[in-house]
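Asks: Protein chains in written order, with the numbering used here: chain A, 5 to 111; chain B, 1007 to 1658.
Hint data in this document are derived by calculation from the structure and do not stem from the laboratory. A portion of the hints provided could be inaccurate.
A short, non-exhaustive set of chain A residues, derived as facing chain B with CB atoms under 10 Å [what the hints assert, rightly or not]: (1) 13; (2) 19; (3) 33; (4) 44; (5) 50; (6) 96; (7) 99; (8) 101; (9) 104; (10) 106; (11) 107.
Sample of chain A residues lacking proximity to chain B, with all beta carbon distances greater than 10 Å (derived) [unchecked claim]: (12) 35; (13) 78; (14) 103; (15) 108.
Positions of the beta carbon are idealized from the N, C-alpha and C atoms, including for glycine.
The residues making up each chain are set out below.
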Amino acid sequence: MLAESISEIGLGHFLVLSMILFITGMLGVLLRKNILTVLMSIELMLNAINLSFVAYARSLNQLDGQIIVFFIMTIAAAEAGVGLALVVAVFKRFKEVNIRFFEHLKG
Amino acid sequence: MTNEYFIAIMLLSPLVGFLINGIFGRGRWGGYTSGAIATFFALTSFASAAYLVFGLTELADGPRIISATFFDWITVDELKIPARFVVDPISAIMVLVVTGVGTLIHLFSIGYMHEDRGVTKYFSYLNFFLFNMLVLVTGDSLPIMFVGWEGVGLASYLLIGFWFNDEEKATAGMKAFITNRIGDAAFIIGMFILFFHFGTLEFEKINSLVPVGPTLSWLSPLTLGTLLLFIGATGKSAQIPLYVWLPDAMAGPTPVSALIHAATMVTAGVYMIVRLSFLFAAAPYTLMVIAIIGALTVVLAATIGLAQWDIKKVLAYSTVSQLGYMFLACGVGAFGAALFHLMTHAFFKALMFLGSGSVIHGMHHEQDMRRMGGLKKYLPITYFTFLAGWLAIIGMPPFAGFFSKDEILWQSFSSSNGHWIFWAIGVLGATLTSFYMTRLMALTFWGQERFDKKHHHPHESPYSMLIPLIALAVLSIVGGWLGIPHVISEVLPAHPANVLEHWLEGSLVHPIAATAVDGGHADHAALEWGLMGLSVGLALLSAVTAYVFYIVKPEIPKLLVQKLGQAYELVFNKYYVDEIYQRYILNPLVKASEDLWLYVDVRIIDKLTYVLTDMSIGTGKMSKAMQTGNIQTYALYIVMGVAIILTIFFGV
């Protein structure tokens, strides 16, 4: 029963999950006020993409997708490092993590 | 090769002097230092010019020419203008006059200007003028001549307005500059027309392309081009209708008036026509216009000269009138006579201007002849040199002016382009000239002393001023002997040849080959003697009349002025030409400019730009709303952009 249902899970399911994760992350980036949450949402989007890459790699039986995932993971780590450092610096300076506070580029 | 070096030295040494005085001298050197430097470089230039002209005489007969091409100045498609300078028989006379008289006037200026605050500036301008004048006379194509033409105009402007703290003098400078601009515009257009027609602007090449027969059409490029060049000449050489600047140019220092506004620069127009004689000779209609304008100017300027009180103004109008003679000579095709009179006039007019400078210097800057008189006893050397100039200009034999003026009168009578009316006008002009010059002599040097003896102590000028006067006086006497007409040389012992005519042979074009002079018939000789005698007699009579009027019976002119009333007023106010120009040309121009400003500029052009700026400001305000500063909004824009692109490419 379980094996059957697992065998029924195909590429489409993974892609739908990936899309749900990506949209969740995107909405987090667009709507959340806390900078930390925004950063985490970005991670979520990157990982959603990772998921679709490995799904395709498995489905098409090619290694390329898996390799790209490694790259994305390193870049995501670097991005998280820089982003968190910026957040810490900004917080030290302004005592504030609400993204609405930083609107100095207003036209 | 050496000739090239000498041409370079002749041209460049005044430029070097200009740079040295202009860059290093300011505020540091006194009048004697900077004057000595400037005079040295002028003298160097004169020495090289003399060497070159001497070399020219050594060359065999035929096309005598010394030239130097330094570099290619302009090379654009068809238009090729090398920086080529020539010394040929025509320009030889000019370089000698320009550098020779120029050097003398530099020397004179040391005495006249050494106390002035801006004396280094003055001498650097003077050298600058000399450089440009040499470019003008030696340049071998119209554009190079034009460079010099503009350069001397600039020097003239700078020197007229030399005492620019005086608003009147600064304005006089601007008037000269702007009036010249009008002529220069015509000059340029004439140059364009000639280029379109001939495809070249070099003198020699144009010469080989000029059609053989005379061009009898007003609208042919030849007639139009030469007419426009002549308008340029009326500006530079102060002829009707552009002569008005020259009398005002007397605001400049007197040596400047002598050098630029009497001897050299103002003759540039005449020189240009003589230089291009091959071109003008082929355009008889232009020649006719030139002769008429010249003749009118002779009489107009001479009559104005009758009633002026300022010594320099009299000389200025006299210059305009004498330039009229030169144009009259050009107009009747006697280019050689024009050049001859140009040369003698340079001598005696420079002499008289410098003499008047000496008088003004001796009288502590008094220029009004009503407050002079009896100066011959205070300024004896100035007086005697001035006497030579006076006799030369009224045309007494054997002074220089006699030969050149007589040549012009005879040619205007006998040449095939001439007419007895031109001769009559010329004689009338000579008679008037004789009158006003004698009046000047009488008011300045003879008669009673009318100045205030308590304040004025007239004194003779220093030697640096007297030496040029003496040199020019000698030239005013012997200068005319270069061109003794055949009828006179026949009766003289040793039969002196007409050196000038021989010298210019082959360089000048005669509109019609056989002029009456060449014929030398007995009846012509008799006629020539008769006309000569008549004009000299009339001049003498007129001089005597002036002497009687202003010395023997000074009440006559006053009576005459009362009797003539309005006619005198008309002449005294220079025929109201300045006022007419002001009213009918300048004021409408100013009004038109004002209207253009108020209606076209403010209401149309400015308005248009305001509408445009309003539009861009509006657009800016609209797009400003997009820039919220909120990062999440920007992220949303990115998302929307991606969505739009995806929709377009995949049609989802």
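Asks: Evaluate each hint against the coordinates.
Replies: Results of checking the hints against the structure:
no. : hint : in the structure
1   : 13   : violated (25 Å)
2   : 19   : violated (14 Å)
3   : 33   : holds (6 Å)
4   : 44   : violated (15 Å)
5   : 50   : violated (15 Å)
6   : 96   : violated (19 Å)
7   : 99   : violated (19 Å)
8   : 101  : violated (13 Å)
9   : 104  : holds (7 Å)
10  : 106  : holds (7 Å)
11  : 107  : holds (4 Å)
12  : 35   : violated (7 Å)
13  : 78   : holds (23 Å)
14  : 103  : violated (6 Å)
15  : 108  : violated (6 Å)
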